[in-house]
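Line order of the protein sequences matches chains S and D. Each residue of the first sequence is one higher than the one before, counting from 214 in this note's numbering. Each residue of the second sequence is one higher than the one before, counting from 214 in this note's numbering.
Think of the hints as simulated: they come from the structure by calculation, not from any bench. Idealized CB from N, CA, C, for every residue including glycine. No incorrect hints appear here.
If we take Cβ atoms under 7 Å as the criterion, some of the chain D residues that face chain S in the derived model are:
1. A315
2. D316
3. I387
4. T391
5. A393
6. G408
7. G425
8. P555
9. D585
10. G625
11. G643
12. A650
According to the in silico footprint, chain S covers these stretches of chain D (three or more CB under 8 Å from chain S):
13. 355–367
14. 398–406
15. 447–454
16. 495–505
17. 618–624
18. 629–640
Protein chains: 2
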Amino acid sequence: MGIQDAIEEVSSLLGQRLSRSKSDLVTHGASETYFANMPPDAVAYPETAEEVAALVRICAARDCPVVGWGTGTSLEGQAQAMRGGICVDFSRMNRVVDVAQADMTVRVQPGVTREALNEDLRATGLFFPVDPGANASLGGMASTRASGTTAVRYGTMRDNVLGLEVVTAGGAVIRTGTGARKSASGYDLTGLFVGSEGTLGLITELTLRLHGIPEAVSAAVCAFEEVGPAVDLVIATVQMGLPVARIELMDALCVSAVNAYAGAGLRETPHLLLEFHGSEAGVAEQAASFGELATEFGGADFRWATREEDRRALWFMRHNAFHAVKAQYPGKRSLVTDICVPISRLAEAIRACERELAAARIPGPVVGHVGDGNFHAALMFDPENEAEMARAKAVSERLVELALDLGGTATGEHGIGVGKLGYMAREHGGGWEMMGAIKHALDPGNIMNPGKLVPER
Amino acid sequence: MGIQDAIEEVSSLLGQRLSRSKSDLVTHGASETYFANMPPDAVAYPETAEEVAALVRICAARDCPVVGWGTGTSLEGQAQAMRGGICVDFSRMNRVVDVAQADMTVRVQPGVTREALNEDLRATGLFFPVDPGANASLGGMASTRASGTTAVRYGTMRDNVLGLEVVTAGGAVIRTGTGARKSASGYDLTGLFVGSEGTLGLITELTLRLHGIPEAVSAAVCAFEEVGPAVDLVIATVQMGLPVARIELMDALCVSAVNAYAGAGLRETPHLLLEFHGSEAGVAEQAASFGELATEFGGADFRWATREEDRRALWFMRHNAFHAVKAQYPGKRSLVTDICVPISRLAEAIRACERELAAARIPGPVVGHVGDGNFHAALMFDPENEAEMARAKAVSERLVELALDLGGTATGEHGIGVGKLGYMAREHGGGWEMMGAIKHALDPGNIMNPGKLVPER
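The following block holds chain S by itself, in its conformation from the complex:
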């Protein structure tokens, strides 16, 4: 009855801001994917780091699991309460604390979403570039080491979180990192918490790196007969040092979905979508250099868009690719793969993926953050058809095996959560044991998001 005791005590602490309503529990037990609902026993809505710390101290004393919650948009069930306990929903900690314009940094509470932050920053000429698609919370994005279409230029959350305020598993409030751009002082605790999926503590504040809104932006789309030359072009582009801000691949199946959904009117072959950020002259030069390269690699149907409305139309297509795919397969559910490989092996990985999908008779349109070697196939299956679902899972597993064989990772950006835990031992070997030792040292009672990320002791 440790959990019930903890709930009683947290209820005294938070009053109405501890909810046990059925609908709240179900909402906070859901995931964006096909996993069964795993509800917590209660949902807390703290407003300060001190409240979070007091809550964690109660839970530590009562052996009650604590699971953080941002917007619930993670794709691997990271915030599902595998062992019940208290879900800490950060939606009331959604304040932009301080914009340091000269330092190009910002302090935010974890419940601020990336769109809200960029809205808030609009007048400053600065922006926060990490863009996973969903309007996720920044605390959740840090916890899952999110990235997205702009990582090729601006990096992932690993690169854009300068410091954190964290409530430890013991209920202490600590700060990691500093306000300086770099430091050689001690273990990189900031980097340790980024990507730890709530298993080491709860993030209660973030210091983020900002970037200047570019003076000029241009976007383009370009068709290819096959995936291979498109990937070769990406490699050549990166090697030339052309600072692409986004460079995305859609395969023929994805283009066909996008045509049906958004009337894109593209030839139904693989396409690259890209964007350049810079000065007017810089963007024009980069566009020209890329155009020459693209022709060499057989790119066709080249279209440039520098006007904002044209660029919006182009990226609307890409950002809605997942919806477009879902609309193509009514009644189906999706299993979205996320392997990431050395870019030299990317074309090979995508071709292997297409072969596996054909053999399994599972449609799986592909979009790829090709500059990073990361791509997603949205495997569409009938949730009523167990055999089909099993085939989809088998394809996903074989893709992970392939990624690891090619020197890559099971997950470029979606993280581990419930869905990828089975691959940790294979991917990390002795490193997984080391992660377990760190977890045990920092959370000896195993109350922080138990059942996730590390080996069980």
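Position chain D against the provided structure of chain S, taking the given hints into account.
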């Protein structure tokens, strides 16, 4: 007698490659700074990761300290053997294992120096950008989280190490990271080892990120009446998104040393030195934009250098600033400070530094990686004069206090070692205890570089 027993066993393992010669011990007990010699009891020269692992297993069983050694160029005594034991010198593990040109990555053994790597890469059109000045080993640079003049554009070792092979304190060989550019899989063990100064294990291989050699490079130098406007110009430059590859400050005292040493013929006021990397047209555009900005901020005596020999002359000056300063003060020793602050506080920090130096009657020419908010004052003192040395140390301490008060760090890039251990508790608070818990979990016998970086248990 655990150490002696360990030495006997390691001697059987390595034969002639375990040295106990007096000169070897003294060489490996030295530091680049004023610390007293702290020699190990023996120096090992392993040739493979397996040998390192076997050595560590012996030392773990015998409670014998193990201290890694690259080139001995660290500035805070990181590789000094505070408790004796076996120094592991990686000079025989100096092979470039594999260049993956399409992936723009390279696998190297830890004893490869950065200059040797760039020599090796010359034909590929790629280079490794992190440049701390000294021709340090890449294993040592990773262990100390080194950076230098190019960090403003290319990042520090934190940003350029993709993966590691590590021998743990238990003598197991593990791999961290993958060959992919990004991953959301588990704790960032790579990031944990980078900057851990040999206290968690020994790095036996690194996978590094490479960059394309820019098509064009231009360099410039520009004079200012005072430090303030120079720093304001740097802030404006970074905010505009001008991709400076280097942007360095020399104060008037430093310029005067450089004039005397290299006949630079510069006006003896603060100067900025900078470099742009890009396409021919891009570099020209950036130069023009910077020139306009610089004029607004009162920059004068502007000189551009695009010819390689002129650029070399310019950067020769900067790279030899430390030698130039030493030559100005014959017989003196130096204590080099390394604070790093939010860039908005940098001018204030440099002015406070100059005031402290004047009050203490200690000369301390300043060079700064101003794009990062990091600067070094080389405090010159007479090693025979204890009062003067005490005054220099007091200035250094007050600068660290100042950096922490301004939201910065005691060390931007030189690390902790022997010299900065006393500031860890103040800088990290509860985070330092957390570092201790991680250390204890991964090295329960405290054999890896004991006495460094973490609180003693």
